[in-house]
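Asker: Sequence:
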Amino acid sequence: MTIRWGILGTGEIARLVADDLALLPDAALTAVGSRAQQRADAFGDTFDVPRRHGSYEALVSDPDLDVIHVATPHSAHLKHATMALEAGHAVLCEKPLALNAAQAGRLIETARRQDQFLMEAMWTRFLPVMDDVHRLVHEEQALGDVHLLRADIGVTQPFDPDHRLFDPALGGGALLDLGVYPMAFAFDLFGPPAAISSSAVLGETGVDEQCAAIFRYDDGTQAVWHASVRADAGRTCVLAGAEGRLHGTRSWWKGAPFELTRHDGTTDSWARPYAGNGYQFEAAHVMTCLREGRTESPVMPLDESHALLRTTDALRAEWGVTYPQES
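Numbering-wise (our numbering), the sequence shown opens with residue 34 and increments by one.
No wet-lab data here; the hints were simulated from the structure. Given the structure is predicted, the values throughout are model-derived calculations rather than measurements. Built from N, CA and C at the ideal position, the CB exists for glycine as well. One should not assume that every hint holds.
What the hints assert, rightly or not - Here are the simulated distance ranges between beta carbons: (1) S94 / E173: 48 to 54 Å; (2) R146 / P225: 34 to 40 Å; (3) E359 / P194: 18 to 24 Å; (4) G267 / R145: 37 to 43 Å; (5) R283 / G253: 40 to 46 Å; (6) P58 / R295: 36 to 42 Å; (7) A264 / D78: 36 to 42 Å; (8) P58 / R139: 34 to 40 Å; (9) G121 / R295: 21 to 27 Å; (10) R139 / V332: 20 to 26 Å; (11) G44 / V332: 21 to 27 Å; (12) E90 / A266: 14 to 20 Å.
Using the sequences plus the hints, can you model the full thing?
Answerer: See the structure below:
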């Protein structure tokens, strides 16, 4: 059963996803929607998309689609995903699911009322290396009882007040763009934290350009993470327990080498490289869910996406970061 995809938006993420859908023989990129016909046509020419719509409204009105990938900025996720759901389409919505928890709640309510599939596109959760992490931590218990996660993600982005990373109207800042990845990693392994300590550095546009947090759990586990658009802090992670540690040596979500060091000093190392950009794995999962008649993912459930945004809301409240749509 071929699944027919539409992509709402023509930016960088839309292009990466379009590339990766071509790797799935049972996925058909059928339509694209843009705010301008010229951009829709150019995208269609590049990725061989037969149906090109010059508005988002026209895209969601296309009856020959099974699922729409919402690839617009954070601030538009509620509007565009709602449009697609109410038009009768399943939706894969870029992360974060919405700008804040209140918006996410409205979006989830719409999906459930419409009995339509909705999932946050937390693509890192579906990568092959995550299967290894879960196997080692939960099934084989190679680390023993895990007590610590440390994860970092940082880029060096030149300051530009009009760039989406620095624009509060677009949900700019390190937290929603980058910090959600280590946060989601911690939620995946341990669930929501019992307590949080955090700090952020705000830039001149009022968004968090650098942030860090410690999640504490009732059993004493800690998840320590850092995100930055000011510094290339690396993209490494460490999981540690009584019996050893697991080290993601670089770009841990991209299949780069992982190293397992046991308490007796023995080591193993492996990598899980893949073709494409890595978005094909979440897309394949969505298609499996649709074929099984699911309205949400068992791997990235909606209640977890909602809980993640309640946590980002709490962090931003502590830092004094707000977006114009919230005032």
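Asker: Confirm or reject each hint.
Answerer: Hint-by-hint comparison with the structure:
1. S94 / E173: 48 to 54 Å: holds (50 Å)
2. R146 / P225: 34 to 40 Å: violated (25 Å)
3. E359 / P194: 18 to 24 Å: holds (19 Å)
4. G267 / R145: 37 to 43 Å: Holds - the Cβ-Cβ distance for G267 and R145, about 40 Å, lies within 37 to 43 Å.
5. R283 / G253: 40 to 46 Å: This hint is violated: roughly 29 Å between Cβ atoms.
6. P58 / R295: 36 to 42 Å: holds (40 Å)
7. A264 / D78: 36 to 42 Å: Because 38 Å falls inside the window, the suggested range holds.
8. P58 / R139: 34 to 40 Å: Given a distance of about 36 Å, which is inside 34 to 40 Å, the answer is holds.
9. G121 / R295: 21 to 27 Å: violated (52 Å)
10. R139 / V332: 20 to 26 Å: Given a distance of about 23 Å, which is inside 20 to 26 Å, the answer is holds.
11. G44 / V332: 21 to 27 Å: holds (25 Å)
12. E90 / A266: 14 to 20 Å: For E90 and A266 the Cβ distance comes to about 41 Å; the hint is violated.
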